[in-house]
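Undergrad: These protein sequence lines map, in sequence, to chains A and B. Residues in the first sequence are numbered consecutively from 1, following the numbering used here. Residues in the second sequence are numbered consecutively from 1001, following the numbering used here.
It is possible that part of the hints are untrue.
Stated by the list, open to error - Pairs of lysine-lysine, DSS-like flavour, derived with a Cα cap of 30 Å:
id, chain 1, residue 1, chain 2, residue 2
1, B, K1251, A, K360
2, A, K360, B, K1171
3, A, K2, A, K72
Simulated from the structure, these hints should not be mistaken for laboratory data.
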Amino acid sequence: MKIFERALWVVAIVGFIAGGYGMYDRIVNGHVNAAYGSYVPWGLWVGAYIYLVGVSAGAFLISALVYAFGVKKLEGIGKLALFTAVVALGISMFSIWLDLGHPERALRMITNTNFTSMMGWMIWLYSLYFVLLITELWFAMRADFVVWSERKDFAGTLARILTFGRNDPSPAAAARDRSILRVLGTLGVPLAIAFHGGVGSLFGVVGARPYWNSGLTPIMFLLGALLSGGALLTFITYVFGPNRGSAEHKQTVLFLGKIVFGLLLLDAMLEWSEYSIALYTSIPAEAASMQLVLFGPFAWVFWGVHVGLGVVVPLVLLTWQNKSPLWAGVAGLLIAVTFMSVRLNIVIPGLAVPELHGLKEAFSGPGLGFDYFPTLTEWLLQIWIVSLGVLVFLTGYHLLPIVTAHLEARRG
Amino acid sequence: MPIQSAELTLEQEAQPAAIGERQDPLVRMQEDLRRAMKKPIDQRRWVMVIDLRKCVGCSACTIGCVVENKLPPGVVYRPVLEEEIGTYPNVTRRFIPRPCMQCDDPPCVPVCPVNATYKRPDGIVAINYDDCIGCRYCLVACPYSARLFDAGRQYLDGTTPAIPALLGRDKAMVYEKLPAYEYGHAWERHEGESPIGNARKCQFCSHRLEAGMLPMCATTCIGRATYFGDSNDPEALVSDLIASPNVMRLKEEMGTQPKVYYLA
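So that you can see chain A by itself, here it is in the shape it has in the complex:
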């Protein structure tokens, strides 16, 4: 497990350094070196954004199992789930912020909101969700901050500051924290569903894009969020979870594996429903996007990355190795990483089919093509953002009482 953590540090540092060039190019040259443009207006960064925000919502909803529904088996990973949700939300916002043509005007989304736009709703729901997440994470860690305050190192100093003077270690205070957490967790469930369902609706309501324009779209977004967030959390729990190697840890990982197994089957069923109905009907506008996904130049992304590595292999691992937390963790990692391909296969094929016959040949120029593939700048910037997220996670894991404090408290 230590190997996984070390590998993550190395990958994140390398990614952060190499990806820095993407950030540099975005700042200096704006959108000039990006492949998205006028006809395929959204690309990798939007795909990454809906992926990461889905991971956040999914991780949060798993944490709600602990704080709102009191699922004992997952109690040890409540804070880990919340922290994952915070980091994923942070970097998803970073991705979409840099995708804007005028990032310096982003605050207008709050000050000039248009509530007939799903995007207008989205920004408010996110902001509320972000505040709720931070508040909930603080209440979940407050008692631990008090315990850590006694440490003499930097983490101890940080913990002392973060108690904000509320350093009551009594069981009564802890009980009060728990009841506040129950309220926040319970409020968070409809909020998380509303905001991520809202992201799905943002795509679902676009009549001009028949591939997205379906009542199933928000549902698929939500299920995808639970699946990708749950899968990532299974891996994270395996590597970083409390009491690694103990029977308790093993049980937690395997339980998460079971949840992920069910979600994976459910997601595959919805996907089948969506694709089979549209392809059977074969109305060109919608079927054209699906044919692009299934048989287009990037069909390997769907068949190889998504179906192969993201569905079949994890299903095999979770079935044949259902007693092994290692393989549950690996399956989780596979699902979580490959789910990015599902998000890209939502965004790009919906745009890569010309809306009018003959538009492709009508006028040529940069940004007036339909064959989108992210440029080096787009890849590097995204790698930079994700690496940043991993580094923040790893740093937080060591400096904040995300997994270990309870045990120390018990020992004390």
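Starting from the known structure of chain A, fit chain B onto it as the hints suggest.
TA: Just chain B, lined up with the frame of chain A:
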């Protein structure tokens, strides 16, 4: 037969006089425009009529528009769609110029998260460049791909700057530095400033209308295939044209109520 030919002769005799009185459609539309501009803005209803039987696919409208609005690479408000019909050797081509449809129910307006795009009282769908955050949701929502993203490119990107023997990019860039006059404001191209980073679109050359001029595409059309005017004015040429039975609009089934009509 003699009677028929007599009738024909009568008509032929009548025609020269009529032709003599008939105006070039551009002149008539110019007068229509002047009349419309005297009315309050909310009583004007701008429509464009494109006669596909007259369009030869010369793209003079496309280029006229690019020049008028100083459009950078990757931004084109009025491409001419080309369609090839039949198989060799029986091939013909069809051309469909596609400006913004200035929909009566525009799908691009409600999706804007910051109220930066709106429908003017005269029906033109406009963008407030200083409010647009460049999220491109409106591009995605338009069923006609009529909205474009200005990524900040220049035609001379990657060319050599001035060196003693050559004038180079700096001199040649004079054209690219000219301001665009969209929405009656001189928009100069400076890095990171609007309209760079914005959604952009055809606005029926609203700045030209203010100056009493027809949209550039109507002016440069070599075949007089593009008509423009106020359909609230029964005397206007476009009012006659949109009442003809062979009129059609693109993607009527989307419920967008386009105000660009095609004669087929």
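Undergrad: Each hint: holds or not?
TA: The hints, checked one at a time:
1. A distance of roughly 18 Å separates the Cα atoms of B/K1251 and A/K360; the hinted pair therefore holds under the 30 Å criterion.
2. Of the pairs offered as hints, the one joining A/K360 and B/K1171 is violated, with about 33 Å between alpha carbons and a cut-off of 30 Å exceeded.
3. As the CA atoms of A/K2 and A/K72 are separated by approximately 26 Å, the hinted pair is consistent with the 30 Å bound.
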